[in-house]
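Student: Position chain B against the provided structure of chain A, taking the given hints into account.
Sequence lines, in order, name chains A and B. In terms of the working numbering, the first sequence opens at residue 25 and continues consecutively. In terms of the working numbering, the second sequence opens at residue 2 and continues consecutively.
Please keep in mind that the hints were generated in silico from the structure rather than gathered at the bench. On a predicted model such as this, the values are computed, not experimentally measured, just so you know. Treat the hints with caution; some may be incorrect.
What the simulated footprint calls covered on chain B by chain A, stretch by stretch (three residues with Cβ under 8 Å from a Cβ of chain A suffice, anywhere in the stretch; the number is not a length) [as the list claims (entries may be wrong)]:
1. 125-135
2. 142-148
3. 151-165
4. 205-214
5. 220-228
In this text, a Cβ means the ideal position worked out from N, Cα and C, and glycines have one as well.
Here's the letter readout for the chains.
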Amino acid sequence: MPIIEAKNLTYTYPGGTEPAIKNVSLTIEKGDFVILTGPSGCGKTTLCRCFNGLIPHFYAGRLEGELSVARLNVIERPIYEMARHVGLVFQNPENQLFALSVEKDVAFGLENLGLPRDQIRERVDWALQMTGIEELRERAPHELSGGQQQRVAIACVLAMQPEVMVLDEPTSFLDPLGAQKIFEVVSELNRKLGVTVILVEHRLDLASKHANHVIIMNERTIVLDDEPQEVFDSESARLIGVGIPKATKLWVMLRQNGVRLGRAPVNPEEAVQLLRGVLQRDRS
Amino acid sequence: MSVFEGFRFRHVHSPIHHLDPRVKFLYVLVVFGIAIAFLEVFPLVLLFLIQIPFVLLARVQREWIRSLKGALFLAILIFAVNLAFGYFGGTSPSSMFLWEYPLAMSLRFLVLVESFSIFFLTTSPDHLSLALEQSHVPYEFCFAFTTAIRFVPVLAEEAQTIMDAQKARGLELERGNFIKRVKNYVPILIPLIVSAIRRSLELAEAMESRAWGATQKRTNLYVLRLKSADYTLIIASLGMLVCSIYLRLYVAVPSLTMLLT
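Chain A extracted, bound-state conformation:
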């Protein structure tokens, strides 16, 4: 069952002469883990802003086409209603935490919804536990590392129990270890709770093993939209300059040299298995 459906989405920022995204059509199934990637300025962030209604409600501008997320027509529904279904995590962790303690920040969205106090308390505890940051409960945001701040931001969004979680380059301010931790947390939410994840990311080496759907944008529109293996294997992905996982690159290089190894691997583990299989076959 599709949870996000876009048809010919075209959007121009107020005062802009050219559209920031052009004729974007996509379908995302419930429970998918989607990686959205492409060169800077290709419209990824703009597309993310469409998913929860920041575009067109917060940014104004001109939006054409159709977009439904979680069975709601984004163009008609206010942002606060979309916020219950779609959680957005931004690039800079610092600018999405406003309270003086982690606990208060996680409660912020729920307080806005006007939920009863016991329910807020329950959900805050749950969100902190799911993201593994219970021990940070009373800390102030400026006392946390970037990675911890970003996990708090994820907990903040998670507490609202959204069906879709959109993460817009959540790791660009983090070190590789912090980034990996974020991917693990998000992947766990995807597997355990069935949250549909849309992850905008450049570090495909680390992220792609969690994904089952990759979308590549270039020049304001979608150019590739398929399973990870198919996308990373394609010639156009390489030409756009997407950071294709090294395991896939190796596979492509081997193929160019005449070594054919079945399906393209997207992470080192798969590549190792593939190579080991071939070597054993050769030996016997």
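Tutor: Coordinates of chain B only, in the frame set by chain A:
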């Protein structure tokens, strides 16, 4: 950035920190009222001394002494100005009153600083905003207040980064006369303001994404309830107020002038 250190609230658990901020504010107002009611040195010294146990109980003596040190310069200034006015205003130089009045004025000031610093040193901004909220101040104002405090360290760090960047480009901050030095800060301020505006846009985006304004009846995770310690402080504050009103009206409070002449 030592200037910003003062804004950084530290989470300390003490009986004073856990008091209801509204009750603490009542206490500050009572101290304020008593300090205004007396111009004699003795009651003011007494008022100064009875507050010290609060400071010790809250374990904020170091910060408290720092804030008093900061106020000392102003207290001396108040003393000097009042003394000069007294002297040139025709008070006889031989009378004790010439000295008592300025002394009382600066003591009064110190008592006020003392009680306000106890209040601010022991009240977390979160608590303060909660108190404002429960006193029916619109939530937008309370939110702006806590967010401002939240971003003080962030902006301080950013100012430092910009300063370093501009120095690396050859900007010399500590050079020239006073006017020139002030002008040196323009290349720091402009990027700082521009980035603060961009930051505020991102903040607004994040707020919208978390259902800001979904309902008029917003709940709050925390709620302030008066506990027995709060009632004790209320009674103590009101008791102090009643006693001092009685003293003021019906008892002749001895002044230094009377005692020494």
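Student: Does each hint fit the structure? Answer for all of them.
Tutor: To see whether the hints hold, each was checked on the structure:
no.	hint	result
1	125-135	holds (count 3)
2	142-148	holds (count 3)
3	151-165	holds (count 3)
4	205-214	holds (count 10)
5	220-228	holds (count 5)
The structure fails none of the hints (numbered hints given earlier).
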